[in-house]
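Trainee: Sequence:
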Amino acid sequence: MRIKLVIAVKFLISAMLARRVPRKSIIDAIKKLQGLRSDVGTALAAFSMTSSQGKDAKCPGEAGKKSPCGAPAKAGGGTAKAAPSPATGSGAPPKSATAGAKGRIIAVIGAVVDVQYDAHLPPILNALEVPGRTPKLILEVAQHLGENTCRTIAMDGTEGLVRGQPVVDTGAPITIPVGEPTLGRIINVIGEPIDERGPIQTDKFAPIHADAPPFVEMSVEQEILVTGIKVVDLLAPYVKGGKIGLFGGAGVGKTVLIMELINNVAKAHGGFSVFAGVGERTREGNDLYHEMKVGGVITDDYKTSKVSLVYGQMNEPPGARARVALTGLTLAEHFRDKEGQDVLLFIDNIFRFTQAGSEAVYVPADDLTDPAPATTFAHLDATTVLSRAIAELGVYPAVDPLDSTSRVMDPNIIGAEHYGVARGVQKILQDYKSLQDIIAILGMDELSEDDKLTVARARKIQRFLSQPFQVAEVFTGHAGKLVKLEETIKGFQKILGGELDHIPEAAFYMVGTIEDVIAKAQELAKSV
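Here the sequence shown stands for residues -18 to -1, 1 to 510, where the numbers follow mature numbering (1 follows the signal peptide of the UniProt record, and there is no 0).
Worth flagging that the hints you see were computed from the coordinates, not collected in a lab.
Since we're looking at a predicted model, the values are computed, not measured.
Treat each hint with caution, since some may be false.
[Said to hold, decoys possible] Simulated crosslink set (EDC-like; lysine to aspartate or glutamate; CA at most 16 Å straight-line):
#1 K84 <-> D96
#2 K225 <-> E203
#3 K409 <-> D385
[Claimed, not checked] Restraint ranges, calculated between C-beta atoms of paired labels, are given here:
#4 P113 <-> R179: 22 to 28 Å
#5 P196 <-> H484: 55 to 61 Å
#6 I421 <-> D269: 18 to 24 Å
Every residue, glycine too, gets a C-beta built ideally from N, C-alpha and C.
Using the sequences and the hints, build the whole thing.
Mentor: Pasting the structure below:
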């Protein structure tokens, strides 16, 4: 077919040059030929139509009519293909012109499958289905190789595929169910439920590939997302519409922090959350689901559930891990755009999302200077670092107040009072950190009076940064607290100002507001 097309192009150019057709007509004809994938006869039809424009219009070539030159002219000089619509909404997206076209597998190399078609190739990013496979096997078109062959990426295992096996074009990108019925459910990359609770009852579907919104529709306003977690809101506030990174080793409380954020966003903002598990262990995904059920974040009724789960586990092929984040993003975009909700989208683990494209072997460690986590920092608006040293002190959430940062930590955005209190807290904690070596060697008695006061206030601040979580009530026995930003600022302001120097540091541990501290101090005084 390629040889025929080249012959047609050469014939067309030589014929036009012989008849002194203007250069513009030659260029236009070549552009039309680039869209042709049929035979030489169709190419000559384009030639007859174009040459008529260059010489007295002897061949009118109206669309659908027989031209005087003897070939049926096609308007546009090629086969028009409808691009898949990126819009989300009710019903399945529009199908492309190649919907239902059948191809056959000609090569299988791991997760990469080459498929050949007799006629028109499906567009890039279209989903192809291998009939008769259980579970359903979807191939996503990644590249056109020529010779009517496309290269695809498998969304599931390719074991058992053979050359010559038929493949059907669905005519659209991977399309998933969206909307409130997905709350409390677990779906995979292609939108199928994997929680053994039956199909998702919805009439709303959306493709996972969509165009980014135009810049004119994007909000430039810097607004803080109040989470109700003191250490986050005070020292590393999140911005609405921003990107946040949670960094920490195993067992320091990332999952509990995520669950509390989901719970608080639902309570404080009436919003939903979407959790995309990318390349995590199946056991971790199972544990998270059951912990969310225990914590009340997920219930059997979607009307009271607060989160949708999308899983592409570590045992999945790289195609699924590279696309499961887009599946989660599609769910979140539907809640935002179609239902007007505030949405919190979690992707755990973002490194394994990038790793899926390269399939490098990565040994996780508590090392933030490792190139993989370090490259992520530039894209983030806030980083919340969880520290094992703080977790060992029994302070939860184990957020490091000195390593955690935020781009909106600016007096022009958060206000002078908030900024002043946050920097004052960080200064006292930094001074305490520098004094710890002296305390370890010589003891507290060798410190000056000012240093002793700094240490006392720093230890109170450290404990006041702890907070009981609602989702962890079953483990801690403490009722969960959601603290307003104004209360957080007021509490730390009083500690910095010395108003609470007379209260023992034990009263600051695992409480919400400063009023809770005073009430706990009175209880401690009674028990002594």
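Trainee: Please go over all the hints and tell whether each is borne out by the structure.
Mentor: Hint by hint, here is what the structure shows:
1. K84 <-> D96: Between K84 and D96 the Cα gap is close to 13 Å, so the pair holds against 16 Å.
2. K225 <-> E203: holds (15 Å)
3. K409 <-> D385: holds (13 Å)
4. P113 <-> R179: 22 to 28 Å: holds (26 Å)
5. P196 <-> H484: 55 to 61 Å: holds (58 Å)
6. I421 <-> D269: 18 to 24 Å: This hint is violated: roughly 39 Å between Cβ atoms.
The structure does not agree with numbered hint 6 stated previously, though it agrees with all others.
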